[in-house]
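Given next are the chains, with one letter for each unit.
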Amino acid sequence: MTNLDYECDPRLEIADIDTASGEIHDMHNHSETEEVSHPPVRMRPSDQETIPGAGRPLGEVAGYIQLNKAMTDNPWSSFSSEDNFNLSWLFVRSKVAKSQIHAYFAQGLGCMDCRSFRSAYILRQPLHVLKPFREYLVWAEAGIDAGRHATTFYYRNIIDSVRYLIRQVAYSSNIVYAPIGEYHSSGERLYSAMHTADWSCDIQV
Amino acid sequence: MVPIIGLSEQTHLTTFSGDNKALPEYMTIGNILSQTRKSPAQMPILLLVLLPVPPKFTGESARANEAQEQTNEDTLQAVFDLVLAPLQAVAHAGMVMDCTDGKTRLCFPILLASIAGHAEHAALQGIGSKSCPKCDVPCEELGRDPRRIYETRTYMRYREKGLRHELAEAAGIEEYFQRLGVKIGNNPFIRLDRVSPADLHKPDILHNIYLGLLKDMMEWVEGFLKTHKRQQAFDNRGKHIPP
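Residue numbers (the working numbering), protein chains in the order written: chain D, 1337 to 1541; chain E, 103 to 345.
Heads up, some of the hints might be wrong.
[What the hints assert, rightly or not] Per the computed footprint, the stretches of chain D lying under chain E, defined by three or more beta-carbons under 8 Å from a beta-carbon of chain E, are:
| id | stretch |
| --- | --- |
| 1 | 1380–1388 |
| 2 | 1410–1419 |
[As the list claims (entries may be wrong)] To spell it out: a stretch of chain D is covered by chain E in this simulated footprint if at least three of its residues, at any positions, have a beta carbon under 8 Å from a beta carbon of chain E; those stretches are:
| id | stretch |
| --- | --- |
| 3 | 1396–1407 |
| 4 | 1467–1481 |
| 5 | 1486–1493 |
| 6 | 1531–1538 |
[As the list claims (entries may be wrong)] List of simulated lysine to aspartate or glutamate pairs, EDC-like, C-alpha gap at most 20 Å:
| id | chain 1 | residue 1 | chain 2 | residue 2 |
| --- | --- | --- | --- | --- |
| 7 | E | Lys232 | E | Glu175 |
| 8 | D | Lys1467 | E | Glu171 |
| 9 | E | Lys304 | D | Asp1534 |
| 10 | E | Lys123 | D | Asp1481 |
| 11 | D | Lys1467 | D | Asp1534 |
| 12 | D | Lys1405 | E | Asp203 |
| 13 | E | Lys205 | D | Asp1496 |
| 14 | D | Lys1405 | E | Glu171 |
| 15 | E | Lys232 | E | Glu171 |
| 16 | E | Lys205 | D | Glu1477 |
| 17 | E | Lys236 | D | Asp1534 |
| 18 | E | Lys123 | D | Asp1496 |
Derived from the structure by calculation, the hints contain no laboratory data.
Small disclaimer: the values here were computed from a predicted structure and weren't measured.
We put the CB at the ideal spot given by N, CA and C, even for glycine.
Only chain D is shown next, with the shape it has when bound in the complex (with noise of 0.2 Å):
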């Protein structure tokens, strides 16, 4: 086991047990055979635990189909096209100047679509309604008095920003909902995501 690299899998199906449970056999008999240095193999857990009503869903998102849609409909929303999605892109990435860029529109360079944006000003409009669920957050102002240099600090609501995070589109591949106790075929835990660990059980109401 100490030369392998385990890698968690959440989505383990049953019909996968046996084949993972025959590839981590071969694997450790390959390295005790064989002192030469590979490049580490990914391996799964044989078998899965799970407790009973963690993560279970309590009803559907209201709106969730329909943004979804929207979505898929036009990809390239909130910009009026591709073209006009990569050019902004560059200039986001390239972080040009916004002098540049009003330069650029000032020189003839840009596309001619009228839905385009034609300066750094507009560009700012479509950038500020991409990130969806942007209004979990927004910015709270408090005011400080430390001794002598009284001063302002901002902060986010800590529960919206778990909000956001918890459904945010980008990552609905990558997020798990419940603890999962998984094992090596010996019967050994494995430990390697967050939700793999004892704590993420033990605290599971």
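Go by the hints and put chain E onto chain D.
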């Protein structure tokens, strides 16, 4: 369960606003698998609070410096009290949240870990700069006997003990805390149910492992290899390690 991971690192702002510092506190959640959570391009880490750090020294007397330092620590802890307060309201009852798979679930956001350098841990937990945030080992015994196991810190007990002595105006509490490497003061995490402040401490991989443990170990290993004229052979083996 939604395990919250806090991350912080004091940052110098010298270029923009004089010799000032800021302490940004970031957060992410353990439900996101590590391959995504570790990817900056996926932006799984959010800025939670941006704290200005007042100057440590007033430039006046030593007493004024000490008072300013104490004010800074109290301020930091008061801010964290404010920022973490919403967690207490949902620690037991939970909150129904919309999830990315289109389902709603009863979620319990709980602070699980704080990844930071030792200076930040010391300031937040209210301990001395040479103290261990996890156990009661006195600072003069650090690194002496690796087999000895010390009791895990119970910050709530320190708080209660400090309050009792404060009410009774009893002497000797300062010596007691000094021996344990604890400063008398608040710990913003003790008010959070289902959170163990001593378990929050997680080493910062840059400062504690790379710049601390690994750097120290490599200096020792390099000295050993040079003495035995094996450094080139060691470097050659290192080049064959896959990235």
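Check the hint pairing lysine 123 of chain E with aspartate 1481 of chain D against an upper bound of 20 Å on the C-alpha distance. Answer holds: lysine 123 of chain E to aspartate 1481 of chain D is near 17 Å, not above 20 Å.
Decide if the proposed pair is consistent with the structure: lysine 232 of chain E and glutamate 171 of chain E, CA atoms, cutoff 20 Å inclusive. holds, 16 Å
Under 8 Å between beta-carbons, do enough residues of the stretch 1486–1493 of chain D, three at least, approach chain E for the coverage claim to hold? Our answer is that it holds, as 6 residues pass the Cβ test (under 8 Å) against chain E, meeting three.
Has the given pair, lysine 304 of chain E with aspartate 1534 of chain D, been kept, meaning a C-alpha gap of at most 20 Å? At roughly 16 Å apart (the allowed maximum being 20 Å), aspartate 1534 of chain D and lysine 304 of chain E satisfy the hint.
Is the hinted pair lysine 236 of chain E and aspartate 1534 of chain D satisfied, with a Cα-Cα distance of at most 20 Å? Holds, because 19 Å separates the two Cα atoms, which is no more than 20 Å.
Take the stretch 1467–1481 of chain D, compare each residue's beta carbon with every beta carbon of chain E, and decide whether three or more fall closer than 8 Å. Our answer is that it holds, as 4 residues pass the Cβ test (under 8 Å) against chain E, meeting three.
Is the hinted pair lysine 232 of chain E and glutamate 175 of chain E satisfied, with a Cα-Cα distance of at most 20 Å? holds, 16 Å
Between the stretch 1380–1388 of chain D and chain E, are there enough contacts, at least three residues with CB-CB distance under 8 Å, for the coverage claim to hold? violated (count 0)
Under the criterion that the straight-line Cα-Cα distance not exceed 20 Å, is the pair lysine 205 of chain E, aspartate 1496 of chain D satisfied? OK: lysine 205 of chain E and aspartate 1496 of chain D at ~17 Å, within 20 Å.
Run the distance test for lysine 1405 of chain D versus aspartate 203 of chain E: straight-line Cα separation, threshold 20 Å. holds, 14 Å
Distance restraint between lysine 123 of chain E and aspartate 1496 of chain D, which requires alpha-carbon spacing of 20 Å or less: violated, 27 Å
Three residues minimum, CB to CB under 8 Å: does the stretch 1410–1419 of chain D make the cut for coverage by chain E? Let me know. violated (count 0)
Of the hints listed earlier, those the structure fails to meet are numbers 1, 2, 8, 11, 14, 16 and 18, in rising order.
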